[in-house]
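Colleague: One line per chain: the protein sequences are A and B, in this order. Taking my numbering, the leading residue of the first sequence gets 1, the next gets one more, and so forth. Taking my numbering, the leading residue of the second sequence gets 1, the next gets one more, and so forth.
Treat the hints loosely; a few may be bogus.
[What the hints assert, rightly or not] Straight-line Cα separation of at most 16 Å, EDC-like style, residue types lysine to aspartate or glutamate; simulated pairs:
1) B/K26 x A/E4
2) A/K377 x A/D319
3) B/K26 x A/D3
[Stated by the list, open to error] So the derived label-pair ranges between C-beta atoms look like this:
4) A/A22 x B/K377: 33 to 41 Å
5) B/K377 x A/I7: 51 to 59 Å
6) B/P242 x A/I7: 26 to 34 Å
7) B/T29 x A/P242: 35 to 43 Å
[Said to hold, decoys possible] Just a sample of chain B residues kept apart from chain A, beta carbon distances all over 12 Å, derived:
8) R23
9) F40
10) G107
11) P122
12) D128
13) P152
14) R262
15) R266
16) E297
17) P298
18) D319
19) V375
No wet-lab data here; the hints were simulated from the structure. Here a beta-carbon is modelled for each residue, glycine too, at the ideal position from N, C-alpha and C.
There are 2 protein chains.
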Amino acid sequence: MYDELIIPSRVLLGPGPSEANARVLKAMTTPMLGYLDTAFVRVMDDTVALLRQVFGTENRLTFPVSGTGTAGMEAALVNVIEPGDAVVVGINGYFGGRIADIAARCGGDVTTVEAEWGTHIPADSIADAVTRTRPKLVALVHGETSTGILQPLDEAIAIAHEHDALFLADCVTSLGGQPVDVDARGIDIAYSCTQKCLAGPPGLSPITFSERAGDVIRRRKTPIQSFYLDVTLLEQYWFGTPDVQQRAYHHTVSMSLIYALREALRVVMEEGLAARYRRHELHARALLAGAKAIGLEPAAEEGYRAPMLTTLRIPEGIDDVTIRKGLLEEDGIEIGGGLGSFAGKAWRIGLMGESATERNVRLVLNALEKRLFVVRKAFG
Amino acid sequence: MYDELIIPSRVLLGPGPSEANARVLKAMTTPMLGYLDTAFVRVMDDTVALLRQVFGTENRLTFPVSGTGTAGMEAALVNVIEPGDAVVVGINGYFGGRIADIAARCGGDVTTVEAEWGTHIPADSIADAVTRTRPKLVALVHGETSTGILQPLDEAIAIAHEHDALFLADCVTSLGGQPVDVDARGIDIAYSCTQKCLAGPPGLSPITFSERAGDVIRRRKTPIQSFYLDVTLLEQYWFGTPDVQQRAYHHTVSMSLIYALREALRVVMEEGLAARYRRHELHARALLAGAKAIGLEPAAEEGYRAPMLTTLRIPEGIDDVTIRKGLLEEDGIEIGGGLGSFAGKAWRIGLMGESATERNVRLVLNALEKRLFVVRKAFG
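Could you build all of it, start to finish, from the sequences and the hints given here?
Modeller: Rendered as C-alpha cells:
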C-alpha cells in the first residue's frame with residue numbers, strides 16, 4: 001500500500017515546469033464532463049478564443065494538442081512534412097536538434113543551419129540554406145530552452161515566404177512571456193506548452209496553423225503517419241466538419257487540463273500581455289544584474305537573451321551537481337542544469353509565469369551567493 | 001474577458017469519462033515538481049508499481065504514456081510495427097477499426113478479422129488469419145467501447161504465440177473493471193486510459209510491454225516514426241538507461257495527471273481488484289435486469305457482455321437524440337449514443353469506476369423509463 005501523496009515545498013526556477021497559479025490548480029478540481037457535452041464545448045470554445053489572443057492570431061486552427069510541448073512539435077511536423085520534403089531547421093541548442101530529429105522521422109530531407117550554443121542564428125545563414133534547398137518548411141526555435149537565446153524571427157520569416165516555404169516557430173518557452181504575434185509576423189505554425197510562461201500544469205500543447213499551413217496539409221499526397229496528431233481529424237473535434245459544423249469524436253481530451261488551461265489563460269489576459277512581457281523583462285534584468293554582482297556571467301549572447309530563461313556560466317572550480325543538489329534539497333529551490341554542450345557548464349534559471357517575481361529573484365541570488373561563497377572560501 | 005469556470009452538474013454514465021474520484025481531483029491541486037526532482041521520481045516509481053498491480057504484470061516497461069487512450073494505442077503500434085510487417089487485427093466495433101487504421105499508418109500489412117458489431121470474434125477466424133499471414137502482431141480489443149463486448153482473449157493469445165506473434169490487447173475500457181491479468185494470460189502489450197474504470201481524469205494512457213515485446217522493439221531495423229512515443233527513449237526517463245540507471249529527460253510529463261493517476265490507483269487497490277470487478281458485475285446485472293423490465297433489449301451478445309459498458313437497442317419509434325438530449329440537459333445524466341453501425345441504434349450506458357453504483361443504476365433506469373413512457377404515450 002502507498003501513503004497519501006505528500007511532496008516537499010519547492011520554488012521552481014528551472015526550465016519548467018514553473019509554479020502553477022493557485023487558481024489554475026483549483027480549476028482542476030472541477031468534475032469531468034462528456035467530451036461533446038454542450039457545456040464542455042463552451043469551455044473548449046473559450047479556451048480556443050483565449051489561445052488566439054495569446055498567440056496573436058485569428059487562425060481557425062488554434063487549439064491545444066493533447067500532449068506536452070514535444071507532442072505539439074511532432075504535431076506541427078508530422079502534418080506538414082511528407083517523405084522527401086526539403087526542410088530547413090535552425091539548430092543553436094537542444095530543441096532545434098529535436099525538431100531536426102522529428103522532421104527526419106517524418107521522412108523529411110533535413111538541412112540544418114547551425115550556430116554555436118548560446119548564440120543566435122544569423123538570418124544570412126538561413127537565407128543561404130533556403131536559397132540552396134528550396135524547402136517546404138523553415139523551422140526555428142523562438143526561445144531556446146537549452147541556452148536562453150531568444151531568436152529573432154522576422155528576417156527568417158521573410159526569407160521563407162519569399163521562397164514559398166512555410167515558417168514554423170517553436171514557442172514552447174516564449175508564449176506568454178514575450179510577444180509571439182503569429183499574424184503580425186506571418187508565422188505559419190507555432191506551438192507551445194502550458195507549464196512555462198502560461199503558469200499551468202504540463203500536459204497540453206497549444207498550437208496554431210495559418211490558412212496557408214492548413215491548405216498544405218489538406219493537399220498532402222501521403223497519409224499523415226500519426227492518427228493521434230492528425231490535424232484533419234482533430235479539426236473535426238475542435239471546430240466541427242467544414243460542411244455541417246458537426247463536431248466529431250476523435251479522442252477523449254483531458255477535461256481537467258483544459259479547465260486548467262482556460263483558467264491559466266484568463267489569468268494571463270487579466271494581467272494583460274504587455275504587462276506580463278514587461279514583468280518577465282524586469283525580473284530577468286534584475287537577475288542578471290544580481291548574478292554579475294556575485295561573479296556569474298551570462299552564457300547567452302548579449303542582445304539575444306530570452307527574459308524568461310537566464311543561462312549563467314558555472315564558474316571554474318564549481319561543481320554543477322553539488323550546487324544544484326544543495327539548492328534543491330536544502331534550500332528547496334530548483335534551477336536547471338545544462339543540456340548537451342551546456343551540461344556541467346551552465347545553469348538555467350527560469351523566471352516564468354508565476355515564478356517571475358522579485359521575491360524569487362532575491363531568493364535565488366541569495367541562495368546562490370551563499371553556496372558559491374562557501375565553495376570559494378573552502379578552496380581559498 | 002471570460003467568466004469563472006462554472007459547469008452544470010452531471011451524472012456521467014456514458015462511455016467515459018466516468019466520474020473522477022474526489023480524492024483524485026484533490027490530488028491535482030498538489031503543486032508542480034521538476035520532472036527529475038527526486039521527490040517526483042518517487043511519485044513516478046509509486047505510480048509504476050501500482051500500475052503493475054492493476055495490470056497484473058511484472059513487466060519493467062510499465063508506465064503511463066503522456067496522452068489519452070488513443071496515444072497509448074499509437075504508442076503500442078508505432079514501436080512494434082515496421083513497414084511491411086504483417087499484422088492481424090480483430091474488428092467487431094469502432095476501436096478495432098482504429099487499431100487497423102493506425103497499424104496501416106505505421107506501414108503494417110494489415111489483415112482484419114471482422115465480426116458483426118455486438119458480437120465477439122471467434123478464435124477460429126483469428127486462427128485462420130494468423131495461419132495464413134504469419135503476422136508479427138495480433139491485436140484484439142478486450143472491452144469494445146463501441147459495442148459493449150468483452151472479447152475472450154485466451155485462445156487468441158495461444159494462437160498468436162504458437163505462431164511467434166506478439167499479442168496486443170486494447171484494455172482502454174476493461175482495466176480496473178475486469179481482470180486484465182497481463183502476465184497470467186501472456187499478453188505482450190496492453191494499454192488503457194485513466195478516465196473509465198480507474199476513475200481519474202483523462203490524459204494519460206497506462207501501457208505495458210513484455211520482455212518479448214521490448215526485445216522486438218530493440219531489434220527493429222527502421223527508426224520508430226514517432227519521437228514522442230518512442231519507447232526506447234521513454235524507457236530512459238521512466239527507468240533510467242540500462243547501463244547507469246541514470247534517468248534522462250525526454251519530455252515534461254504532466255505532474256498533475258501523474259499525481260491523479262497515483263491517487264486513482266491507490267483508491268483502486270484500497271477497494272481491492274476482486275471487489276472492484278464484482279462491483280462492476282453486480283451493477284451491470286442490475287442495470288440489464290431493470291432495462292429489460294422497461295422494454296429495452298441488450299445490443300451485445302449474451303455471454304460476452306462487458307460489465308462496465310452496457311449497450312441497449314433503441315426501440316422502434318424512439319428518437320435517439322431526443323432522449324439523450326433530454327437526459328443530459330433536463331435530468332443531468334449523460335449516456336452515450338452509438339458510433340458507426342450502432343449510431344442511432346444503440347445506447348451505451350457506462351457504469352465505470354466511481355460511476356458504478358446502485359444509486360446511478362436506479363437513477364438512469366428511472367429517467368429512461370419516464371422518457372420512454374412519455375414518448376410511447378404520445379404515439380399510443
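Colleague: All hints, please: hold or fail.
Modeller: A quick look at each hint next to the structure:
1. B/K26 x A/E4: Measuring from Cα to Cα gives roughly 11 Å; hence the hint holds.
2. A/K377 x A/D319: holds (14 Å)
3. B/K26 x A/D3: holds (15 Å)
4. A/A22 x B/K377: 33 to 41 Å: violated (52 Å)
5. B/K377 x A/I7: 51 to 59 Å: Distance hint for B/K377, A/I7 holds at roughly 58 Å.
6. B/P242 x A/I7: 26 to 34 Å: Roughly 29 Å apart at Cβ, these two residues keep to the hinted range, so it holds.
7. B/T29 x A/P242: 35 to 43 Å: Once the Cβ atoms are compared, 40 Å apart, the range 35 to 43 Å for A/P242 and B/T29 holds.
8. R23: Given that some Cβ of chain A is not farther than 12 Å from that of B/R23, nearest at about 9 Å, it is violated.
9. F40: Not fine: 8 Å to the nearest Cβ puts B/F40 too close to chain A.
10. G107: Nearest chain A Cβ is 8 Å from B/G107, so the label is violated.
11. P122: holds (28 Å)
12. D128: Consistent with the label, B/D128 stays out of reach of chain A, its closest Cβ about 27 Å off (over 12 Å).
13. P152: The claim stands: B/P152 keeps its Cβ more than 12 Å from every Cβ of chain A (closest is about 26 Å).
14. R262: violated (6 Å)
15. R266: violated (6 Å)
16. E297: holds (25 Å)
17. P298: holds (22 Å)
18. D319: holds (17 Å)
19. V375: holds (22 Å)
The structure shown violates the earlier hints numbered 4, 8, 9, 10, 14 and 15.
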